[in-house]
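K.L.:
Read off the chains here:
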Amino acid sequence: MAITIPSQDHTDLKPPVTSIGAIGWIRSNLFNTWYNSLITLVVIYVLWQVIPPFIDWSLIKSNWTSSSAECHKSGGACWSIIHANIRFIIFGFYPPPEQWRPLTAMIILFTLLIVSRNRNWWSKNLLFAWFAGMMAMGLLMTGGIFGLAAVDSAQWGGLPLTLMLSVFGLTAAYPLGVILALGRQSRLPVIKSLTIVYIEMIRGVPLISLLFMSAIIFPLFLPEGVTFNKILRAQIAIIMFTAAYVAEVVRGGLQAMPKGQYEAADSLGLNYSQTMRLIILPQALKIVIPPTVSILISAFKDTSLVVIIALYDLLKTTQSTLSNPQWMGFSTEAYLFVAVIYFICCYFMSTWSRRLEEDLDTGR
Amino acid sequence: MTNNKKTENNDPSQGKNKTDDAIIKIIGLHKWFGDFHVLKDINLEVKTQERIVICGPSGSGKSTVIRCINRLEEHQRGQIIVDGTELSNNLKHIEKIREEVGMVFQHFNLFPHLTILDNLTVGPIWVKKVPRKDAEELAMNYLEKVQIAEQAKKFPGQLSGGQQQRVAIARSLCMKPKVMLFDEPTSALDPEMVKEVLDVMINLAHEGMTMIVVTHEMGFAKSVAHRVLFMDEGMIVESNTPDQFFDHPEHERTKLFLSQILH
Ligand SMILES: Nc1ncnc2c1ncn2[C@@H]1O[C@H](COP(=O)(O)OP(=O)(O)OP(=O)(O)O)[C@@H](O)[C@H]1O
Ligand SMILES: [Mg+2]
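Chains as they are written, first to last, in numbering that gives the first Met the number 0: chain Y, 0 to 363; chain L, 0 to 262.
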């Protein structure tokens, strides 16, 4: 029963060297068991095989400003393909003298996106700024007034097209998905079965076939002479497709809401739309942020499928550059460049969502 | 103790009460969950400012009765009339009754994504269309009343159970209800927090609130209730003043229940 009271002062006692610092960390994380040690060694070997040659190719032996002919002689990466073709890769067939317009539109878009990252700045004004920004972007791209030359949408392409399809696609698909999710929970059998049919039908076909339908089959049903912008049709297909997936994720969030939340809202006298808007959706949408963002990220990448209906998005313009005999054979460099752009956008979305989750955490 | 009520039979057909005096009238209420007959011929009149405690074994239908009063559950037979409005499928009637009847739940059911203050103002602002500033003032008054005003900016998850339940009571009071329903408000709480919640309820009783309380806190029943109802198997078995109820229970089931609950 006796308790020994420590007699000496233990304040300057340090843990053994082997358990702290770099050595301690390596021991406890990389070599703590035999199989972990084995995995560590294998990984080190693979990295050793991959990284030095990559650095050698991409940096040491690389060409940054040389012509394609010189590039072909050296064995290193030929980054000149990027800046020699940057305008076409980024802007596609948009008339070169007018390319400042899509550039400005993209700058507006990035500014809005970056400002929207900070939740403290969320306000009616920001919403208004988005609205004004979208109008401005549309005007810049289309032209035809204020002395801007009109540019046919058939000439749109490259990064602006990719971004436009994604940003408009995702911002329209999300609310539509939420509405579909609510419809699927509806007590009215007609609404419920219609949404179920819609969601299951869309989820049952690949995006490619929807795009084909929008490009080829849909116009057959239009009356003679009526044309419907091809980009807009692709846009609608993307929205319809993404919304069905968002709906299913949101439904999961709605089902996770405890019954008590509905009952508390009911007993206060809130009606259905108030209950949903003020009580249920804010919580349900918050719990499904991670899967929703996964869907949005994959939808963003899937916009590259519009190549199959002959739209020149970023991936397609890059590919076209490579069919130029002068630059043939440098596909690795070109695709790496595109991969970096895609990565930046996706990374932006995922860090943004993580931050949003932290901001919205109320210690439930 | 206020004993302005006489012991009365639980048969309402004798109706000694002036009918317009009763704020809640339940007549011949039946309810089924599927085939399961949960409530069997419930008759109950509650007068303005009357305080009723309902007790009974688990599964006897106590919660179901009070949940029918504000239409969290739908009944299949009989009538429920609250302040002259009969509950039916008419949404207008349901809305009106919900505005007049406040409810406090066993598990508080606060809105975790809203601050305490917003939990209190959401009803007044959206249901009663009170301007935000007035609603916040009202909310702060009630938070002071339940002695929790300093927590207004926190979220429910940051409060103890007792504090959360007091917030839940204040949230209902913000709607200025004529009747308050409590469904085992203290049974999810740690023992040391039960008192702070009961104190709030006792204060409310002294202010003349009409209350129907499902609880097994017999001390509370003795000190504030005008009437104690004992329910078993979906029926009101006994209805009496607390003195009569605890000292001279009439039915065998009541005696058995009391002996179990009072040890
Ligand atoms: N939504 C429901 N569907 C089917 N049966 C239900 C439902 N809600 C309650 N019941 C059943 O109805 C009966 C009465 O339930 P109720 O919650 O009213 O009991 P209670 O007296 O409040 O009990 P407790 O003291 O456990 O809260 C129980 O047998 C319960 O299983
Ligand atoms: Mg109960």
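There may be inaccurate statements among the hints.
Below, in silico cross-link-like pairs of lysine-lysine (DSS-like), each with a Cα-Cα straight-line distance of 25 Å or less [what the hints assert, rightly or not]:
(1) L:Lys132 with Y:Lys123
(2) L:Lys177 with L:Lys153
(3) L:Lys221 with Y:Lys123
(4) L:Lys95 with Y:Lys123
(5) Y:Lys60 with Y:Lys72
(6) L:Lys177 with L:Lys91
(7) L:Lys127 with L:Lys194
(8) Y:Lys258 with L:Lys132
(9) L:Lys153 with Y:Lys258
(10) L:Lys46 with L:Lys175
(11) L:Lys46 with Y:Lys258
(12) L:Lys221 with Y:Lys258
(13) Y:Lys285 with L:Lys152
(14) L:Lys46 with L:Lys91
(15) L:Lys177 with Y:Lys285
Heads up, incomplete: computed chain Y residues facing chain L, CB under 10 Å, no partners named [as the list claims (entries may be wrong)]:
(16) Gly182
(17) Ser185
(18) Ala263
(19) Gly268
(20) Leu277
(21) Ile278
(22) Pro281
(23) Lys285
(24) Glu356
(25) Leu359
(26) Thr361
The hints are simulated quantities; they were obtained by calculation from the structure and are not laboratory data. Just so you know, these numbers come straight off a predicted model, no measurement behind them. Every residue gets a Cβ at the ideal spot worked out from N, C-alpha and C, and that includes glycine.
K.L.:
Decide, hint by hint, whether the structure agrees.
P.N.:
Structure-based check of each hint:
1. L:Lys132 with Y:Lys123: holds, 20 Å
2. L:Lys177 with L:Lys153: violated, 29 Å
3. L:Lys221 with Y:Lys123: violated, 55 Å
4. L:Lys95 with Y:Lys123: violated, 33 Å
5. Y:Lys60 with Y:Lys72: At roughly 11 Å apart (the allowed maximum being 25 Å), lysine 72 of chain Y and lysine 60 of chain Y satisfy the hint.
6. L:Lys177 with L:Lys91: holds, 18 Å
7. L:Lys127 with L:Lys194: Distance ~32 Å between lysine 127 of chain L and lysine 194 of chain L Cα, so the pair is violated.
8. Y:Lys258 with L:Lys132: Measuring from Cα to Cα gives roughly 30 Å; hence the hint is violated.
9. L:Lys153 with Y:Lys258: Between lysine 153 of chain L and lysine 258 of chain Y the Cα gap is close to 23 Å, so the pair holds against 25 Å.
10. L:Lys46 with L:Lys175: holds, 17 Å
11. L:Lys46 with Y:Lys258: violated, 31 Å
12. L:Lys221 with Y:Lys258: Violated: lysine 221 of chain L and lysine 258 of chain Y sit about 33 Å apart, past 25 Å.
13. Y:Lys285 with L:Lys152: Measuring from Cα to Cα gives roughly 20 Å; hence the hint holds.
14. L:Lys46 with L:Lys91: holds, 24 Å
15. L:Lys177 with Y:Lys285: violated, 35 Å
16. Gly182: violated, 20 Å
17. Ser185: Hint violated; serine 185 of chain Y Cβ to chain L Cβ min 16 Å, cut 10 Å.
18. Ala263: This hint holds: alanine 263 of chain Y lies near chain L, its Cβ roughly 4 Å from the closest one there, short of 10 Å.
19. Gly268: With Cβ-Cβ at 4 Å, under 10 Å, it holds.
20. Leu277: This hint holds: leucine 277 of chain Y lies near chain L, its Cβ roughly 6 Å from the closest one there, short of 10 Å.
21. Ile278: holds, 6 Å
22. Pro281: For proline 281 of chain Y, the interface hint holds, since the closest Cβ of chain L sits about 5 Å away, which is under 10 Å.
23. Lys285: holds, 7 Å
24. Glu356: violated, 13 Å
25. Leu359: holds, 7 Å
26. Thr361: holds, 4 Å
Consistency with the previously given hints fails for numbers 2, 3, 4, 7, 8, 11, 12, 15, 16, 17, 24, ordered from lowest to highest.
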